[in-house]
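Chains as they are written, first to last, in our numbering: chain A, 12 to 250; chain B, 12 to 250; chain C, 12 to 250; chain D, 12 to 250; chain E, 12 to 250; chain F, 12 to 250.
Be a bit skeptical, because a hint or two may be false.
Which copy is meant is left open, so a pair is good if it fits within one copy or across any two.
[Said to hold, decoys possible] With a Cα cut of at most 25 angstroms, we get these calculated SDA-like pairs of lysine to any residue:
hint	residue 1	residue 2
1	LYS42	GLU211
2	LYS42	ASP213
3	LYS42	GLY169
4	LYS42	VAL201
5	LYS125	GLY100
6	LYS42	GLY178
7	LYS125	GLY231
8	LYS42	ALA200
No lab work stands behind these hints: they were computed from the structure.
Since the model is a prediction, treat every value here as computed from it, not as a measurement.
Protein chains: 6
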Amino acid sequence: MSATEDTEALTALCARLARIPTATLSSQLIKRGLKATYIGGARRLIGTDAICGPAFTVRFIPGREDRTVPESYAWPGALPAAMDAAPPGSVVVIDANGHRGAGTFGDIFAGRLKVRQVRGIVCDGAARDLPGLERVGLPVWADGTCAPPSIGGLTFAGWGDPIGCGGAAVYPGDIIVADRDGALVVPVAVAGEIAAPAEEQDRFETWVQARVEEGRPLVGLYPADAGTLAEYRNHQEAR
Amino acid sequence: MSATEDTEALTALCARLARIPTATLSSQLIKRGLKATYIGGARRLIGTDAICGPAFTVRFIPGREDRTVPESYAWPGALPAAMDAAPPGSVVVIDANGHRGAGTFGDIFAGRLKVRQVRGIVCDGAARDLPGLERVGLPVWADGTCAPPSIGGLTFAGWGDPIGCGGAAVYPGDIIVADRDGALVVPVAVAGEIAAPAEEQDRFETWVQARVEEGRPLVGLYPADAGTLAEYRNHQEAR
Amino acid sequence: MSATEDTEALTALCARLARIPTATLSSQLIKRGLKATYIGGARRLIGTDAICGPAFTVRFIPGREDRTVPESYAWPGALPAAMDAAPPGSVVVIDANGHRGAGTFGDIFAGRLKVRQVRGIVCDGAARDLPGLERVGLPVWADGTCAPPSIGGLTFAGWGDPIGCGGAAVYPGDIIVADRDGALVVPVAVAGEIAAPAEEQDRFETWVQARVEEGRPLVGLYPADAGTLAEYRNHQEAR
Amino acid sequence: MSATEDTEALTALCARLARIPTATLSSQLIKRGLKATYIGGARRLIGTDAICGPAFTVRFIPGREDRTVPESYAWPGALPAAMDAAPPGSVVVIDANGHRGAGTFGDIFAGRLKVRQVRGIVCDGAARDLPGLERVGLPVWADGTCAPPSIGGLTFAGWGDPIGCGGAAVYPGDIIVADRDGALVVPVAVAGEIAAPAEEQDRFETWVQARVEEGRPLVGLYPADAGTLAEYRNHQEAR
Amino acid sequence: MSATEDTEALTALCARLARIPTATLSSQLIKRGLKATYIGGARRLIGTDAICGPAFTVRFIPGREDRTVPESYAWPGALPAAMDAAPPGSVVVIDANGHRGAGTFGDIFAGRLKVRQVRGIVCDGAARDLPGLERVGLPVWADGTCAPPSIGGLTFAGWGDPIGCGGAAVYPGDIIVADRDGALVVPVAVAGEIAAPAEEQDRFETWVQARVEEGRPLVGLYPADAGTLAEYRNHQEAR
Amino acid sequence: MSATEDTEALTALCARLARIPTATLSSQLIKRGLKATYIGGARRLIGTDAICGPAFTVRFIPGREDRTVPESYAWPGALPAAMDAAPPGSVVVIDANGHRGAGTFGDIFAGRLKVRQVRGIVCDGAARDLPGLERVGLPVWADGTCAPPSIGGLTFAGWGDPIGCGGAAVYPGDIIVADRDGALVVPVAVAGEIAAPAEEQDRFETWVQARVEEGRPLVGLYPADAGTLAEYRNHQEAR
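In isolation and in its complexed conformation, chain A is listed as follows (with noise of 0.2 angstroms):
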């Protein structure tokens, strides 16, 4: 397969997984074994869609005083430079090491990623200025705003590398769904498989919730017994 159909694959994956809620794909990740994939802390800041793209990850480690310096802004490939290097179409994940008292990005950083057609942030720190990240629109996850940019705490330490992001690995290139439920890391060696039996689980979890409204019992139904399977087999052939 050429590049170009690669990127196109992949960004018709990130579509499909997008349409799937992550609570789904979190029990279809579970099913392979991978229960460590869900960045705790990053909850919906701004958006009101579900997003899906692969990781371009950024890294912070605790701040020091020769370091956390304004100036240090301008050094050569500092955050400036990786906010200009983050792809189209990429998720940027951010590892604020859990700080919320320390703004990693806030409505000019943001801004940038919107132009470069990046798809939303995803932090397990603050974010900084939210009546300005709201103009911008961009979607966001994080842990809460505070005032103080990122050297009120932080020091920047690069991107591109395998991070830790609110408990969970996220390594360059892994696909990161968020939507209301948060934002859940999905290793690109399984992003494929999961989508379609992703999707069937939906449309059982539809019928059984149907049933659930007629008044039934949850034993035998969910999880289904196979009576259950069998008469959701029918009604899916009925259809």
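Mind docking chains B, C, D, E and F on chain A? Use the hints.
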């Protein structure tokens, strides 16, 4: 008193307590020496009205890989059986060990509980599938949302036991009241005796608030000294 | 300068600072070596506008059963006296020891502070009686809500002392600014000198944001290199 | 097999496991997919030897003032009854909710357990009366010591239930092994099958350590590549 | 009573309380409704004997860069003045905000306190210069050691105020008792009345421990039922 | 200066710094504005002397099930390769994400590092196999011990990167000093300049301590006022 009368009395008491703010009820419990009755972390995610009902307890312990397998949901006496067993009028209280990255319930379980006329769910951990929970509409108090299901980090351990929830002990049958300030445990032995003084406290505080708005200082007014109490009694008698 | 002139100057300064985002003010403080000035945990619960005023400090310590009795509210110099003593134009800053399960104020105390023309309340713990607080309408920043009153877990320890609040030191008279990003302590000694550079920073960042939207990379733009600075100055002069 | 034979087999297995480091046993559990088996926080306070035995579980929930009264120790089925019920050869595992300021046992309870030939106590909270515990000499793993008794913050909730302890699930009868590295839960279903491979791992690692001391690099040695494995097998056969 | 007699009575009381385990004293406080009296985190670092004396309180708040400058130690009324003011026979109790990375005292301050005949130091944060502290030999309870001085993260805020220390309220003059189980606050109002019952409790528990060693079950023995109490009284009278 | 001379100078500097308490070095760093240099959580587990050497950094991120498989230790560039790469004279500093339930090294890795003449290991998480580590004898600072290996909760992410460790930023080549008070990062740029003033501070503090023991108050003595400084200089000259 017959069992039916008992049930009717309890239903009436719960309806009465649901109209009293948890802030007021907590003050009344503290007057009786009961401080450790607030369920920390559980904030309102779904619903607009206060709820009140006897606790139906559900308990989780930390997940272990030989138990947190997808098929465990179908084991006899597993979580679906607990949901089926929740009695009408009760409040389901879930001890999720404070785990914020494993959702102990989503829209299907909430849908089942709604059909069973449960009044709401209170949980010291996370809910999942927030859009689905909103469609169902059953009132929910929880410590945020996440994507993974319970087996992402927890093992179901049974129902109907005394539990800890958000730092409070909850015994089956304790009265749970939940509103915008959060969720409160009212031990059943005192539930009956605090309704009247709590209602009176609310009336008094409404009168105090009016005095405050007139510019009266707090000292002597709230708490009330003898003069203020006399003034309040006169006001009450004059009504 | 006379005391009246002093007060008027402070009032004017506070009005000016209230129009500057805390994100910008924090950057200016950090330029002056002041990083530990953000009040962690206090997020906006009530209000829509930013506030600014000198701090009136209130201090709590952990509760102890011989002090956390309902009658303690009526002891001489207790919490109601503190509320009565808060001066007009001030911001009441409460060191609640970070306790999220004991509400240090509710609608009656907030109502009293509103009558006293206090600008708002900032607390690193919980508020209580959220519907009542909304009726009063005094701006509030706190770490959530709860049902229990302060004696549910805290002992009032006095007012007018230096305190810690959300990890920041707050001295009486420090300038507090609070907006959607949270609450910031501006030591009074630097409050005057940062207003102008902060306003200039805001103008510059508005210009930067426009350049970002035109597609300009961040490197060289933000922070600005010599060429960007010259371009900005030309733009400013051309206005 | 008769019940007596069962008991003897279990006793022999426990004696065997007690001679294997928990570090080695944990590696064997992880090879079988069992990671969440380490009891966090419980470090050795009393004793010098490793212990191993089936778990006898004791459960606490947060304290509530109507239950945490001194007379509660005399209620039927209270904590003293649990201590009296602990079987010889067992390890008492206490879920103290991780509370470090309420001691769930002291010298008298430990003395009773010693008389009952319990092998030791493992607790994710605090012990109390350290000098008394040293006099008794029963091995103890706990997260420090404190002065208050359990009713200082906890309510006894029963024994013989599945519990969480230090982040691990513990079921009655699970095999507990504790040594200087801490305490480990070995699910009974795998306890028998890991003894032999764990012993072999220990032998292999002793051989590896000798190679390391000779200056051999780790890559290829540990984990062993094919050449190293052959060398080790030759060495074993030559003995 | 004269002031001298008062002081002598207090000294005698402290000597008496120092001989009673904090575990026993805590039980007596709980019988009087006082649970929140244990200083969490402060474990014995230096010393071998228990200490008891009235609290001399020292308070820190979070560090802020305009205050945490090396020269601040020389400001009037700074930390050295607090050390000079600690009275003979007192226990210095330091509210370090639970900060474990900023040492509020080292060997020089401890040396000064020893010269002043202070009985010991209790701190909910870190000590520093452990070898120096050992040379000085003044008893110390703290939550570990660290290298940085207090200005590495804290600001001194004064002495002689009510403080929180390890989750307990401490008022100047409260009686502090510290032993191997940790440090306990005995409110001065009850200090006198608990000595005798605590001593009696110790005698009773010594007798209980002997019965336990003879193999007696705990139920009925501890807590004692009527028969056990009679037996104990006979035993006491027979001595 | 030649590379050999550089190395010899560094070795000599490290030997010199190892003789200065970290408490003193931290004070010198703070005088130069460097506060965030203490590695929290890492306390001495093995060894009796202080160590000093340039940092060799090792980084872990949260574990993920597709990476935390036993065979991962044999992947190219995995943890054993990092151990083999640690240079003689260095201090291995491990960012274990603060995880206390997954041991990043045990006796075999420590044995290899000892053979490589590494000076010691500093880790913000747990060590494992404490008896084995004692046999090896390489100095270790860590936040306790545990049974599980690193793959029990962590994924190895590489070596030679800037890391966070116990809340401090550590860059490869930073000078690490560790003693009984814990472990300190000395940025290489200031390592040379602080040795002499730190030694002088130690001499001065020894003189101060003698004055304290003579009964001198701290105010005026420590920090020294002009008179004290003159007295100290006289004393120094008289030696």
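Status of the hints after comparison with the structure:
{"no.": "1", "hint": "LYS42 with GLU211", "in the structure": "within (14 angstroms within a copy, 32 angstroms between copies)"}
{"no.": "2", "hint": "LYS42 with ASP213", "in the structure": "within (15 angstroms within a copy, 33 angstroms between copies)"}
{"no.": "3", "hint": "LYS42 with GLY169", "in the structure": "between (34 angstroms within a copy, 23 angstroms between copies)"}
{"no.": "4", "hint": "LYS42 with VAL201", "in the structure": "both (11 angstroms within a copy, 22 angstroms between copies)"}
{"no.": "5", "hint": "LYS125 with GLY100", "in the structure": "within (10 angstroms within a copy, 41 angstroms between copies)"}
{"no.": "6", "hint": "LYS42 with GLY178", "in the structure": "both (20 angstroms within a copy, 22 angstroms between copies)"}
{"no.": "7", "hint": "LYS125 with GLY231", "in the structure": "between (48 angstroms within a copy, 18 angstroms between copies)"}
{"no.": "8", "hint": "LYS42 with ALA200", "in the structure": "both (15 angstroms within a copy, 22 angstroms between copies)"}
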